[in-house]
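Below are the chains, spelled out letter by letter.
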Amino acid sequence: MALLQIAEPGQSPQPHQRRLAVGIDLGTTNSLVAALRSGLSEPLPDAQGQVILPSAVRYHADRIDVGQIAKAAASSDPLNTVLSVKRLMGRGLADVKQLGEQLPYRFVGGESHMPFIDTVQGPKSPVEVSADILKALRQRAEETLGGELVGAVITVPAYFDDAQRQATKDAAKLAGLNVLRLLNEPTAAAVAYGLDQHAEGVVAIYDLGGGTFDISILRLTGGVFEVMATGGDSALGGDDFDHAIATWMVEQAGLSADLDPGAQRSLLQAACAAKEALTQADSVEVAHGDWRAELTRQAFDALIEPMVARSLKACRRAVRDSGIEIEEVEAVVMVGGSTRVPRVREAVAELFGRQPLTEIDPDQVVAIGAAIQADTLAGNKRDGEELLLLDVIPLSLGLETMGGLMEKVIPRNTTIPVARAQDFTTYKDGQSAMMIHVLQGERELISDCRSLARFELRGIPAMVAGAAKIRVTFQVDADGLLSVAARELGSGVEASIQVKPSYGLTDGEIARMLKDSFEHAGYDKVARQLREHQVDAERLLEAVQGALDADGERLLDAEERMVIEHQMEELRQLMSGTDGPAIEQQTKRLSQVTDAFAARRLDSTVKAALAGRNLNEIEE
Amino acid sequence: MGTPCHFALFDLKPSFRLDLEQLAARYRELARGVHPDRFADASEREQRLALERSAGLNEAYQTLKSAPKRARYLLAISGHEVPQEVTVHDPEFLLQQMELREELEDLQDSADLAGVATFKRRLKGAQDELNESFAACWNDAAQREQAERLMRRMQFLDKLSYEVRQLEERLDD
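Chains as they are written, first to last, in our numbering: chain E, 1 to 620; chain B, 621 to 793.
Bear in mind the hints are in silico, worked out from the structure with no lab data behind them. Be careful, since some hints might not be right.
Dumping the calculated EDC-like pairs for lysine to aspartate or glutamate here, alpha-carbon to alpha-carbon at most 16 Å [said to hold, decoys possible]:
hint	chain 1	residue 1	chain 2	residue 2
1	E	313	B	792
2	B	740	B	778
3	E	428	E	325
4	E	135	E	148
5	B	740	E	325
6	E	313	E	350
7	B	779	E	321
8	E	588	E	569
9	E	313	B	748
10	B	740	E	321
11	B	685	B	639
12	B	779	B	722
13	E	428	E	538
14	E	588	E	542
15	B	744	E	325
16	B	740	B	788
17	B	689	B	732
18	B	779	B	719
19	E	313	B	789
20	E	135	E	170
Stretches of chain B that chain E covers, calculated by requiring three or more beta carbons in the stretch to come under 8 Å of a beta carbon on chain E [stated by the list, open to error]:
hint	segment
21	651 to 662
22	669 to 680
Heads up, the beta-carbon is just placed ideally off N, CA and C, and yes, glycines get one too.
Please construct the entire structure, taking both the sequences and the accompanying hints into account.
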């Protein structure tokens, strides 16, 4: 009998051949691809020896430029050249419009809620633009490594929500990459740093990139990288420093705020160059047209201070969430190009009471770590202890409950993978369907959280209110992606959804949501109480109305009925207002005046039930 | 339910007193075996199983790591599930709770960070004390009622410490 060599798809039939896998840092400003070569993880250079690929894509009628050449055309061809596309990932058209003035593109709506950028090649979604960057990196890797890739680990900001993660995964698929894992950027950096320095203990990773900020606190123990807490701001980065300088220039030069796209771009480029120069110099000359001025480092520091302060606040929160004292942090690692800004380094050093580490190139450390993880996941055995990464979800996940409130099912900073179930019930007699509304965020009111998905569980058998038992299960996989299933336990009726949102939050909304949840905690409580009273009132009104319709004629005389209807009317009027205590009071009153009616109904049902039983018994 | 006992999963005998360092070490060891990263190139079925196992392990670890959750779990496996919401007849403790909450509100109004630190230390002391009392009685059927009461108190204090964290957040501006 012939020996057949059987291999799983994607699996190499030669066991000793190294399986090619790469780590990709898909950044706001710059992207990199890295791989393990002769035991060392390093970024792969292009033909010109450059490892950094600017995250810029320019669309021509017949071809696509990616990288430096595209970036260079940013002000001459602003409408067809896309920069910082990462800021648009997982966002909706409405959200992007709010970012508005900063973006020179012409946006058009598509079939989904995604924003499409109108180019000479037609409308392009952010997912497609990202895929074009990924394709360039994939090609570079396959040429350099000399073979087809088994897969890639793609990094995402730890603070990315479900929609942004899903959009990134879609972009990778579109670029023909097999995604081995979506890895959080600070975790990737921790891997590179930890393995390089043989570090153990508690480490903070401060990652300030072009458009996003992450802070992660990890515990490193014998090859296990355990994220204790993570936090950040998915709309805070070096781009914002550039905008601060550009705004300052516009004010100083007395320019009008509505510049044309080309002028906007060149202003931003001048601002970015000034920022970079101030890393070394104490002052720099900035110019726009004929206008010239001096920008000192002191003035620049003052411009960015509010943003630096925001990042520090997120650091303190992450430390608190990890349940340790700040003194217990044994090392602080700086990641992301924006940590080159001296004021940022200084502020982080002050907060943690120690000099932050900058040994590994802050632009490369994420890709280097991702490549190590990619190699492990592809099944290539590493020397010594195997690596294990235990990550968390950055934002709480929950469901809408009665009255527009968010009930948390999985709180933020829970280790993934995780599966958690919560039981709910019906609130109306004979209710046959239930809407499941999945949310992400920290606030109590659903209008302040991000809506991830809605689906309906249908076919619930008719039962009295409260008798059905509906179990909703949340599952978050190792990529941080959520799926939700709902099941009525009695009948086994099921519905489930792979949460795949088609649009997103306003940029900065997550940061705002978190910030608000603390600032408005007092307000939330009042609002929550009001909603609770309204819900109680609604329920009672519905129940009483139902009872009146069914048995009002039979069990009440005209006067009794009038009293009840009068109290109902009073309650209805209060409900449109915001006086919670008054609603509560009136709900009680209505409940009191219907007591006797309720008792009579109960008696009559008992009698009917008894009568029914007698009938059955007789029939037997 | 077909799920194995959380303690058995960690190869431990049911007990309230746990060496948390040892529990963490055991957790890391177990996670190494079942984490989906180990099965990134395995069949879909294996990947799904790894996901389920790993989620189960994380749940067990979260339960055992937290004193109030561990207490509730111990009472559930040694007798019957303690209902989540029930009218608490513990007037002495409720009074103390109300006082603590008022104190916390005063701290918020005066934005007193040093006061918050002191409050946290006192809270920690009270939690340690409760843990000790619970450890001494949970396994005695005759003291079941007392154990349940202590467990509820633990939950109250746990919630309170969460509120302290939120207060710190608000004061951090």
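So, going through the hints one by one against the coordinates:
For the given pair, residue 313 (chain E) sits about 7 Å from residue 792 (chain B) by alpha-carbon distance, which is consistent with the 16 Å threshold. At most 16 Å may separate the alpha-carbon atoms for a hinted pair to count; residue 740 (chain B) and residue 778 (chain B) meet this at roughly 12 Å. Restraint check for residue 428 (chain E) and residue 325 (chain E): the C-alpha separation of about 49 Å exceeds 16 Å, so the hint is violated. For the hint pairing residue 135 (chain E) with residue 148 (chain E), the CA-to-CA distance comes to about 13 Å; that is within 16 Å, so the pair holds.
At roughly 13 Å between alpha-carbon atoms, residue 740 (chain B) and residue 325 (chain E) fall within 16 Å of each other, so this suggested pair holds. Distance check on the hinted pair: residue 313 (chain E) and residue 350 (chain E) sit about 13 Å apart at the alpha-carbon level, within 16 Å; holds. With a C-alpha separation of about 14 Å, the suggested pairing of residue 779 (chain B) with residue 321 (chain E) holds against the 16 Å cut-off. Between the alpha carbons of residue 588 (chain E) and residue 569 (chain E) the distance comes to roughly 14 Å, so the proposed pair stays at or under 16 Å and holds.
Between residue 313 (chain E) and residue 748 (chain B) the alpha-carbon distance is near 30 Å, which puts this suggested pair outside the 16 Å criterion. Pair hint residue 740 (chain B) plus residue 321 (chain E) holds up; C-alpha atoms about 15 Å apart against a cutoff of 16 Å. Under the criterion of a C-alpha separation no larger than 16 Å, the hint pairing residue 685 (chain B) with residue 639 (chain B) is consistent with the structure, at around 10 Å. Our distance criterion of 16 Å between C-alpha atoms is met by residue 779 (chain B) and residue 722 (chain B), whose separation comes to about 15 Å.
The straight-line distance between the Cα atoms of residue 428 (chain E) and residue 538 (chain E) is roughly 11 Å, inside the 16 Å bound, and the hint therefore holds. A threshold of 16 Å between alpha carbons decides the hint, and for residue 588 (chain E) with residue 542 (chain E) the separation of about 15 Å falls inside it, so the pair holds. For the given pair, residue 744 (chain B) sits about 14 Å from residue 325 (chain E) by alpha-carbon distance, which is consistent with the 16 Å threshold. Our distance criterion of 16 Å between C-alpha atoms is met by residue 740 (chain B) and residue 788 (chain B), whose separation comes to about 11 Å.
Distance hint between residue 689 (chain B) and residue 732 (chain B) is unfulfilled; the C-alpha atoms sit about 31 Å from each other, more than 16 Å. Among the hinted pairs, residue 779 (chain B) with residue 719 (chain B) is consistent with the structure: their alpha-carbon atoms are about 15 Å apart, no more than 16 Å. A C-alpha spacing of about 9 Å is found between residue 313 (chain E) and residue 789 (chain B), which places the hinted pair at or below 16 Å, so the restraint holds. Taking the CA atoms of residue 135 (chain E) and residue 170 (chain E), the gap is about 13 Å. The hint holds against a cut of 16 Å.
Figure legend: the segment 651 to 662 of chain B, annotated as covered by chain E; annotation consistent (7 residues with Cβ-Cβ distances under 8 Å, at least 3 required). Counting residues of the segment 669 to 680 of chain B whose beta carbon lies closer than 8 Å to any beta carbon of chain E gives 7, which reaches the threshold of three, so the coverage claim holds.
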